[in-house]
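A.B. asks: Here's the letter readout for the chains.
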Amino acid sequence: MSTELPFLVELLVSALILAGAGFAVIGALGLARMPDFYMRVHLPTAGTTLGVGCTLSASVIYFSFSLQTLSVHEFLISMFLFITAPVSSHMMAKVALHTGVKFVDHTQGRPWPSRTQRPSRDNSQILSDWQTRDRKETE
Amino acid sequence: MSEGPTVRIPTEPRDPLWFRLLPHPLISLVILVAWLVLDGNLTPANILLGGFLAWLLPRITRRFWRHPVHIRSWPKLVRFAVIVIWDIVIANLQAIRLLLKSPQDLQPAFFVVHLELTNPIAITVLANTITLTPGTVSADLSSRQERLLVHGLHVPDVEATIALIKARYEAPLKEIF
Amino acid sequence: MLRFAVIVAMLLFTVSLLLNLYRMVRGPDLVDRILTLDSLYVNAIAIIILLGIFLGSTLFFEAAMLIAMMGFVGTVAVCKYVLRGNIIE
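Protein chains in written order, with our numbering: chain C, 1 to 139; chain A, 1 to 177; chain S, 1 to 89.
Just chain C, with the same shape it has in the complex (with noise of 0.2 Å):
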């Protein structure tokens, strides 16, 4: 924080850092906020993922300015943020499918045909149901 930047630059830099924090806040507000787990996972990939994004595009003109040299390493975290957030998403939606979590009663459609929606129950169950069933699916 010792060397000066121009003020366009502080400037861009500072809006881009309040602004990923702010994507970050609105995300989180909506994990707290929405009523069931399908709702939910939506919002890592909307809020928290941009603002990194942002957060990290802000470091990498703050750092090639201060350092006079381009700094790319903050785009290496980027992409993977952005490459890794759907397959995670993806992963947990199909452990709620899965393990049945229930969902909102306004919801449209329903998963599929032979899963309908079951109640919820405790993980231990969940877990020797599901071994049950892998082992009658391979044989």
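Among the clues, some could well be false.
To be verified - Capping the alpha-carbon separation at 25 Å, the derived lysine to aspartate or glutamate pairs in DMTMM-like fashion look like this: (1) A:Lys101 - A:Glu116; (2) A:Lys174 - A:Asp87; (3) A:Lys101 - A:Glu159; (4) C:Lys94 - C:Asp36; (5) S:Lys80 - A:Glu146; (6) C:Lys102 - A:Asp87; (7) A:Lys101 - A:Asp157; (8) A:Lys101 - C:Asp36; (9) C:Lys94 - A:Asp39; (10) S:Lys80 - C:Asp36; (11) C:Lys94 - A:Asp157; (12) C:Lys94 - C:Asp105; (13) C:Lys102 - A:Asp105; (14) C:Lys94 - A:Glu146; (15) C:Lys94 - A:Glu116; (16) C:Lys102 - C:Asp36; (17) C:Lys94 - A:Glu159; (18) A:Lys76 - A:Asp105; (19) A:Lys174 - A:Glu116; (20) A:Lys101 - C:Glu10; (21) A:Lys76 - A:Glu170.
What the hints contain is simulated information worked out from the structure, not anything from laboratory work.
Chain C is already provided as a structure; the job is to place chains A and S on it using the hints.
C.D. replies: For chains A and S alone, coordinates are given in the frame of chain C:
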């Protein structure tokens, strides 16, 4: 991998020499670029080490890459990437406007997209694209890889959303892979 | 100005961490907790990057990179475990 010996190793004797040395040129390129970016300097020794890793790692892990990545049209891939990035930004702003409304006003929906794609990598890219554009998350793929279950955060018109996904993302992917 | 912006942004990220923590304590399902853990590590990356800007040091990138990789692998491993009962098949 449970298949063990039945895995087809994609280096046959009739393949050209460069293909036997570098069975996955795209993966090698990504490894080399990631190595150079991580290390941050472009000295010859570093490029040599990165090149060695780019040759070695795909070779060690080649039995995991049973479907070699083959891109038919680079310009279309670039165009697709630009469209997706633009959509991510726009859809993010829309999703944030949705979040500020009351959650009770949202109309969530499950819907099924019948896939025309057959290439596993193309299906992966489509599912990731659907999830990355906020407001839709791909939740499950049917066991024969022909239907994709998607959950939407706010879907007033289900048919229109399915048509949009098919026209905007699936049609270009069919031409790319 | 930048110093002020970084401090405000760190406060906002802390608020978002606390909201995530609330959801993690509330649950109600196992997947909700996996989701909040996933979201927590992404927020932690942002805070580490902000700390790097605040202190003017590039030493923090490696930490952020490692957290990104380990967090993703952790999320997928837990999901896989709940789905299939084991991780490496």
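A.B. asks: Each hint needs a verdict: does it hold in this structure or not?
C.D. replies: Status of each hint after checking the structure:
1. A:Lys101 - A:Glu116: Violated, at roughly 36 Å.
2. A:Lys174 - A:Asp87: Holds - the C-alpha atoms of Asp87 (chain A) and Lys174 (chain A) are around 19 Å apart, at most 25 Å.
3. A:Lys101 - A:Glu159: 24 Å, holds
4. C:Lys94 - C:Asp36: 15 Å, holds
5. S:Lys80 - A:Glu146: Between Lys80 (chain S) and Glu146 (chain A) the Cα gap is close to 22 Å, so the pair holds against 25 Å.
6. C:Lys102 - A:Asp87: 30 Å, violated
7. A:Lys101 - A:Asp157: Distance of about 19 Å is within 25 Å: holds.
8. A:Lys101 - C:Asp36: Judged against 25 Å, a Cα distance of about 16 Å means the pair holds.
9. C:Lys94 - A:Asp39: 37 Å, violated
10. S:Lys80 - C:Asp36: 22 Å, holds
11. C:Lys94 - A:Asp157: Holds. Lys94 (chain C) to Asp157 (chain A) sits at ~24 Å (cutoff 25 Å).
12. C:Lys94 - C:Asp105: Judged against 25 Å, a Cα distance of about 19 Å means the pair holds.
13. C:Lys102 - A:Asp105: 19 Å, holds
14. C:Lys94 - A:Glu146: Given that 25 Å is the threshold and the Cα spacing comes to 16 Å, the pair holds.
15. C:Lys94 - A:Glu116: Distance of about 22 Å is within 25 Å: holds.
16. C:Lys102 - C:Asp36: 7 Å, holds
17. C:Lys94 - A:Glu159: 23 Å, holds
18. A:Lys76 - A:Asp105: Roughly 38 Å between the alpha carbons, so the hint for Lys76 (chain A) and Asp105 (chain A) is violated.
19. A:Lys174 - A:Glu116: Holds. Lys174 (chain A) to Glu116 (chain A) sits at ~8 Å (cutoff 25 Å).
20. A:Lys101 - C:Glu10: 33 Å, violated
21. A:Lys76 - A:Glu170: Holds, because 13 Å separates the two Cα atoms, which is no more than 25 Å.
Hint violations for this structure: numbers 1, 6, 9, 18 and 20, all remaining hints satisfied.
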